[in-house]
Every structure is written in C-alpha cells, then in structure tokens.
Amino acid sequence: MNLKKAKSIPFYIGVGLIVFLLLVMIISIFYTPYDPNAMDSANRLAAPSMEHLFGTDNFGRDILSRIMEGSQTAFIIGISSVTIGFIFGFLFGAIAGYFGGWFDEVISRFIDAMLAFPGILLAIMLIAVFNTGMTNTIIALGIMSIPSFARITRSSFIQYKEYDFVKASIAKGAGSFRIIFQHILPNAVSPILVAVALSFSGAVLSESGLSYLGLGVQPPDPSWGRMLKEAQAYIASAPWYVILTGLAITFLVLGFNLLADGLRDKQDRKA
Amino acid sequence: MRYFLYKLSSFITTIIIVSIMIFFVFQLLPGNPAQIILGIDADPHQVAQLEKQLGLDRSPVERYMDWVAGVLQGDLGESLRYQLPVSDIVIDRIPVTASLAILSLFFTVVIGVPLGIFIARSDGKWISIFLNVLTQLGISIPSFWFGFILILIFGVTLQLFPTYGYVPWSEDFLGALRSFFLPSFAIAIGNIAIVIRYLRNTILDQSKMDYVRTARVKGLKERSILYGHILRNSLIPVLTIMGLLIADTLGGSIIIENVFSLPGLGNLLIQSITSRDFPLVQSMVLYIAIIVLLINFIVDMLYKVIDPRIRLKG
Amino acid sequence: MKLVSKLAYITIAILLLVACSGSNTEESNGTAKGNKSETLNQDEVIKIAMSTEVDNLDPYISAATDTQSMMDNVFDGLLDTDETGKLIPAIAESYEISDDGLTYTFTLKEGVTFHNGSDLTAEDVIYSYERLSGLNGEEPLSSQFEMIEKIEAPSDYEVVITLKEKNSAFLAANIRPILPADYEEQSTNPIGAGPFKFKEYQVGQKLTLVRNEEYYDQQNIPEISEVQFIVMPDPEAAVLAMKSGEIDIIPGITPQGLLQLGDSVNTVSGPQNMVQLMALNHDVEPLNDVRVRQAINLAINKDIIIETVADGKGTKLGSNFSPAMDFYYEAGLEDVYAPNIEEAKSLLQEAGVPDGFPLELTVPSDYSFHVDTAQVIVEQLSQIGIEVNIKPIEFSSWLETVYQNAQYEATVVSFTGKLDPYEILVRYVSDYRSNFVNYDNKNYDELIKKAIAATDMEEMAGYYKEAQRLLTEDAASVYIMDPDRTIAMRSDLEGLKMYPIQKFNLEDLKITNQ
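Residue numbers (this note's numbering), protein chains in the order written: chain A, 2 to 272; chain B, 22 to 335; chain C, 641 to 1154.
Don't read these hints as lab results, they were simulated from the structure. Beta carbons are placed, not taken as given, at the ideal position from N, Cα and C, and that holds for glycine. Misleading hints may appear alongside valid ones.
Under the rule of at most 27 Å between Cα atoms (straight-line distance), these lysine-lysine pairs were calculated in the DSS-like manner [said to hold, decoys possible]:
| no. | chain 1 | residue 1 | chain 2 | residue 2 |
| --- | --- | --- | --- | --- |
| 1 | B | Lys28 | A | Lys162 |
| 2 | C | Lys1058 | C | Lys1089 |
| 3 | C | Lys749 | C | Lys839 |
| 4 | C | Lys1031 | A | Lys230 |
| 5 | C | Lys1137 | C | Lys1150 |
| 6 | B | Lys146 | A | Lys6 |
| 7 | B | Lys325 | A | Lys162 |
What the simulated footprint calls covered on chain C by chain A, stretch by stretch (three residues with Cβ under 8 Å from a Cβ of chain A suffice, anywhere in the stretch; the number is not a length) [as the list claims (entries may be wrong)]:
| no. | region |
| --- | --- |
| 8 | 944 to 956 |
| 9 | 1002 to 1013 |
Please build the complete structure, drawing on both the sequences and the hints.
Here is the structure:
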C-alpha cells in the first residue's frame, strides 16, 4: 500500500468506529447481557470480571449493558439535534445567502449573537429555560448547531450564485425554488456533509458535558454523560467505571471527527 | 476605514441583540428566587419579606429598565442570593478563570506550536497518519473526562498535584501554579490539537508558495527556509485563531471548574442559574458574550491588517 | 529541530520544577504543624468544609440549615438544646410557665455582652422578639412567634411573654438568637452573644469566625481561636482536601469519602433527625385508596435503599419521625410494612388495580440522593406492576409545582429536623398550608390539637406518638430513612456532638495532644 492510499486510513478508522458503535446500538435494542436497570445490591461496584465484563456500578447494575443502552441515547441526540440544526440552519443560511441585503444582515447578526456564547454556554442557558431532560436537551443542542449550518449554507449560496450556470438560469427566468434545489444545492452537498458529521460529534460531546453538570439527560434515560456524573464519586474506588464510560464517548466523537476530516480531504482533492 | 466602520456597527448591533436575547431567556425561567434562597422550610413570612427586600414585587419590565440603565452606567445591579453588587462578586471570581485561561493558552502555544512544526515536517511520512489520528483524538476527548483521568493519574495515584480548589498566586506562587496545572491542561488538550492541525496545514500551504521555491532556487538551506520564511508567515494566521481559542477556553472552564471545584466564573454561573439569581446570571453571560465579541472584532481587524485584500463582504 | 527540542526542554523543566516544589511545600507544611502542636493549642485555626454557601448572615432572614449551623456559633438564644433534644438554659438563667400555659417568664443572666461590647438586657430580647413576631409593626418573620400577644420587661433582666393561646411548641422556639436592639447591619456584619465572633465572609468562598474571649459562659470558651468554613460544593473535593491536610473537619461526609479517608480521621455519626420519604398525593387516583398506598409500602424494601443509596448508613423509618428525638418517638413502626410482594399484589387486587398502574414520580434533579432513591423505587415497584416514570425537575420548580401547588403524583424528598415535634407533624394537619400530601384525617387533626394544648410533657409525647402511628396505619406516604450524618475530623480533634437540629457547636471541639 502506498502512502497516498494510506492517507485514507484515518477516514476508514472513523467509519469503522461509527459502524461498530452503530452495531452496538442496534444490538442493544434487542439484547444486552443484563437488564441495564436491574439492580443487585449484593454486587455493587464490582471490578470487571467474566460475569460483568465492564464491572458494576453503585447500584450493582451491569456497566456494559448500560453503556450499550446509552449508545441509543447518544445516537438519538446526535441525529435529532443535527436534523433540527440542519433544517433551520439551512433555511436561514439559504435565505441570507440567496436573497442577500437586509435578510442577510439580520440573519447574520443573529448568528453572530448566537456564536457569542462560547462552548456549551448557549445550551446551558436554553436548558435553564426549557428545563432538563432528553427532549429539551435535543432542542437546546439543535438550536446550538443552527449557526454552523447557516454559515456554511450561506457561503455556499453566495459562492454559487455568482457561477455562470446559475446566472444563466436566473436569466432564463427560472424560479428561486428551482435554482436552489437544482443548481446550488447539489454543489453545496459536500461542505454540508462535513458540517453534519462535525455537528454530530459536537452534539454528543455537548450532551455529555450537560449531563455531567446535571443539566442534560436525566435518569431513567441512560446517558453516558450522566453515568460519568455518577461515576465521579467512585473515581478512586471504581476507576473502571469512569474510564470505560468516557472511552465510549471519546470513540463515538472520534469516529465522526475522523469521518468529517476524511470527507474534507476528499473534497479538497477534488477542488 | 469603511471596513472598520462596517465591522464596528455590526459589533454593536450584535451586542444589542445579545442583551435582548439574554433578557428574554432569563425572563422565562420558572421558579421564585426568594423561595429558593430560603429553601423548603422557609416561613411564608420570611419569603414575602425577602421578596420585598429584593425588589421582586416589581414588574419584570421595571426591573429590566433598571438593569439596562445600570449597565450603561457601569452598575450591574445586586445579586439576589448574595445581596452584594454583581461586580464585587464577579471580580472575586475573575482571577481563577483568568489564571485557567492564561495557563491553558500557554500550554496550547508551548505544546501546540512545536508539535505542529514537527508534524508538518513529517508530512508524507507514515508517522504523519498516526499523528493525524492522535490530534483528532485530542479534539474528541471530553475535557471533563480528561480531567478525571488527570485526577486519577496525577492526583490519586501519583499525588503530584492537588485535585481541587486553589491557592491565590499572592500567597504561594508555586502552589497556585500546581493547583491550576491539571485543570488548565484539561482545558488545553483540545486546543493543542487544533493548533497543531492548523499550523501544520498553514505550513504545508506556505511551502507551496512561490517565495519558498525562489528561496530553494537561491540555494537556501531547508531549515532556514522553514524558520526564516514559512514559519513567520504561518504563525500570523495562528495568532488570529487564538481569538477562537480564548472563547473556547472560557466555555471549557465552565465544566472544568466544576470538575476541580475551582471558585471561578463557570462555577458561579452554574450555581446562579440553579438559584435563579437573575441579575448575576444576566450580567455574567453578558460579560462573557461581550468578551467573545470583542475578541472576534479584534481578530477581524487583525485579518484586515495582515491581509488587506479582504473584501467588504464574504 | 532545534526549536522543538528547546521548547520541549523548557516544558520538561517547568514540569519538574512544579513537581519538585510540590514535595517541598508538603514538607514545610509538615514542619509548621509540628511547631504548632509544641506551642499552645490556643492558636489553632480550624478549617471546615461546607457544602453550601451562606444564604444570609442575618439569622432571622436566613433559612438554609447549613448557614444556621455555622452561624449558630455566633448567636445564642434564651434557651439552647442538648444532644437529646432537651431544652437547657442559655442567656436565660431560668424560666417559669404559668398554670394556664399562657405566660412565660424568663430571667436573664447578668453580665452577658454582645460582641460589640454592649450589655444584653431585656430590651434586646424585646427588640428581637418583636422583629420575629411582627409586633414592631412590620411583617412577622416567623410564624412560631406570631402566637405572642405581648412582651413586657418588668426589669432589665426579666422578660414576660404572653401568648394568644396555649401552645406547647412555643418553648422550643426560644432557641432563636437574641440580637442587639436597633442594630441594622446583621446582613453584612452580624453581631450576637455567642462563643464566636463574626470576622469576615468572602462570598462563595469562606466564612471566618474568631473566638469570643468575653463569652459569658466562661466554662465553655472555645479551645480553638479561629474557624474558617470553606465552601466546597463537591464532596469529593472536600475529601481530597482533607486527605492532603488542608481541611480539618467535614461535617457531612459521604460514606464513599469515609472509605477513602480510612482510619486517618476521627468520626462522630448518628441519625440527624431528617425524614426522607416518598410522598404520595392523596388527591390523585388511585393513591387516594389506602390499600394502594399500603401495597406501595409493602413493595418497597427500605433496607435495599439504605444499602445502595446511603451505603448502609441510615436508620429505617416507619413514620414521619426520626428516633433522633427519642422522647417523642414511637418505636416499632418501621417494620409494619415488611416487604411482602404477595400481600402487596393482593391489596392491589382488592383495590381494583390488579395489574398495577402508571405512576409519575417527580424528583428534584439537583439532589442525587433522591434521584438515586427514585431509581431503586422504580425497580422495586415494577415487581407489583406499578410502572413508575421518573420526572426529574429542578429543585426551584419542585418548590413551586410540588411543594406549593401539590401538582404531582409522587415525589421523593427529605425534611430536615426541627426541635419541636409539632413543627414536624403539623405537615399532615388537613388545613396546614404545606400539607402537600393532602392527608386528611380528622382524628389526626384532633391529636395534634390536643398535643399543642397539653402542659404535661408525657401526655404531649403520647399524642405525638399516636399521631405517628396514624400516619403509618394510613400509609400516608412511604417513610424511608433518616440518613446518618457523619462528621469526620482530624485525628487529634474530638468532642463534637450530634444534635437533633443541624447545629455545629464548635465550643465542644477539643484538641488532644497526640
């Protein structure tokens, strides 16, 4: 294998991680080694063993089963919030980029305003209003990912609007709707795909942070971030609990980041 | 000049929009602050008394007008929970968050820049692929989890660093450095990875530039081309992303301060949200947002200075 | 490559420097401690970790138990309490209650001074009680004092209080602090007559108190010269701080934390007069049926909750009362509903819900103790077909929706200790404002009324015991446990006692020379 080809290795590692965790998620719907909520007070904080591969938590629940079930939450949150962010971000970005002028000015200022809240601050503010829980976390993270989609869509639209073939069809009197969907959109697909992958990893990361602060997903919904919050108290006596749960988050986020990077590379090489 | 005025006006409009957003968001919060301050066993008389004392019996519009008028005069109001001026409380917390931010930026530069150069030089070798995955890993690790791992290794097992709280710099310089070491590093890990990747890309881009070819033709040594020309041109764009990194550091400290029990702004923020201390939260969020916007504004100006070709729009 | 290696070198050097300096400071700490114990104990500064911040320094406005337990050291009341909940004289030398139970006469000790040097006289008691009762024309600050008709001072050291009606709960109210008359700065610079003086409060960080050398109770002048309460919301952090010697006392240490500290610390522990319960709303179907409530009681295994959530450190309860107040406690109720799934199922059958029902359990999400308890309850109730759905809300919303408006089906919460049983049991009187369980039993109301009018202590205790039994028989809620409170302190400290109210009497603290 030559080095050129080898450059795609990270991309495939990313895809591999995602596929693996996706499989874990699908399996967990039908099967987990134990009932993720079944408690066993005689067997609390047990170290990893053949019986409990990842050990047990402070209620004697099987950590592997809970991590498996937690993957469902991670994917649901990732997919739903990216969908929300994409729909609204695309809409605002397209309007701003296609029509320009005042539309652009207003939307851009709002996007700037949203970007002024660093990290998960915006999500924390939104959670304070909506209250905690899975649905509200999805809404908050969805809103949080609007600006990045809007920005990318806007710049793609501005860029392609200037292209001759688009100008030509405007001259031919084609409707805005048709121009957007037939000419501009297909060209904007690859940067948007990159943004989708990045937003997904960002959402998973933010969810874990929110849930760690106690502001995100609440029990009984399983969540990796929430598990880390519970695990923190046992960091010295049951380190595997903290380590394994965090690895699950890291791998999922890494998977999507590598995917995004690979996509961007391919796109650059084409360009 | 036109560019400056345009950016300045949008900077100001954005601040206005931000303040309106903050106001609306916090008006929607459920829960009575007086009841929360006093807790479950509070006497209704005590609650009523406190509400009056805090001025909560007035309409939200009145309170908002007060807030805006105060902010314009530099008076941020009084915290409901502590009954002290917001600025006093915030000033108390700034040293902690600022120390975290500065130290973590220091880590970012000291570790990120040399590694970025190293990786750029190794481009085209097998190791670069491995390093690429490694930097992606740095970006992907949840900073608070990385904080746990640092606590586990350096605090619990090796007992090299304290794992909670801090010592003021004035009291014990090295003690303070030690107490900020792990949390700053936990915040920095993602940014280090970002700097490495960014620097690598700009160095590689610069290497393809004409002036580098000219230098090679002139017979200059590779090393002096790299350090004398490429690096100088690559570090300027890296400086400009420092703005982004500072914002990121501020965001990251919200969680990390909770992991390491540091009494900084992030810690205060979470507590004042749960205790519904509106004036305190509003002002803090506004502060942070303005800092971020200001940094972005300065970065925009820097870009313009560095690369005068930037068009008005786009 | 040169630059890289240079930077790497610098980084390593810094790392080493920091690491080395670490071991140095530890050594110097060690020697400093050694010196101290050689000299006098009297200069000892004790650092105590507190999990919450001060809510208000004015003792009449403050309601947070942690704040009160800290500031209790600054203030004294007419009376005080001992470890068993018995009232003992403090500023008052003695008291007399008239035969009709309406007039209380307190004789004050002479020579008591406030921290600002002024004498404490009847005038200050009147000022304080008028503020509490609203007799000064403003809003009353405490409903416990609203029953006062008038206060008079026949002499400088005598106070006569007349009540509107007989109320046996009034006596215990006299532990409230006495404040200097017309002093307006309690919120910023509190002044009392207690064993410690207020020094300073750094918001959200620490509260410093210093020994009151002029304390009127000369025998109880504290051994320690200064106390610093350090705010540490994270229990894990407090434990690590104690391990490194930067904290001397943790008043409420977690069982996990104790495990980490091992034998290196002294501990005192016991029930804290708290009641953790799963409250059931009697206005909601099918919880209005006593059989359903009994079935829920039978299905919940409190021992398992204590074992998993409190690491075994808790006292099982059967009613809304903790054995910490021994004199009033009705023993034996905790085993009335010994876990019995079969019986629970047949009770559900009788009640017409043989297959169980969905139940919404509202839990204050900021309290992981309650959230954890709720998770165990979900598991246990699923055995009898009750599908519990946890609804986490923030405590701030909880206070409003659950506690004030009773809009919930079931919830998990705990009530902190009160010195008078009336304050604890009045929650279930049908027309009481915070009867959020919506318990309605005329016999119960009657019992509480009798207790409040009783003048004989034994008789009063009898009524309160019967009231506890009624709550259990009606399965008013599921009373789970009184979680133990454990105080961990440096191995050369001792003497701290547990009180039925959250009180942290630092004059009890002694330093042993080890």
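Q.
Please list, smallest to largest, the hint numbers that this structure does not respect.
A. none
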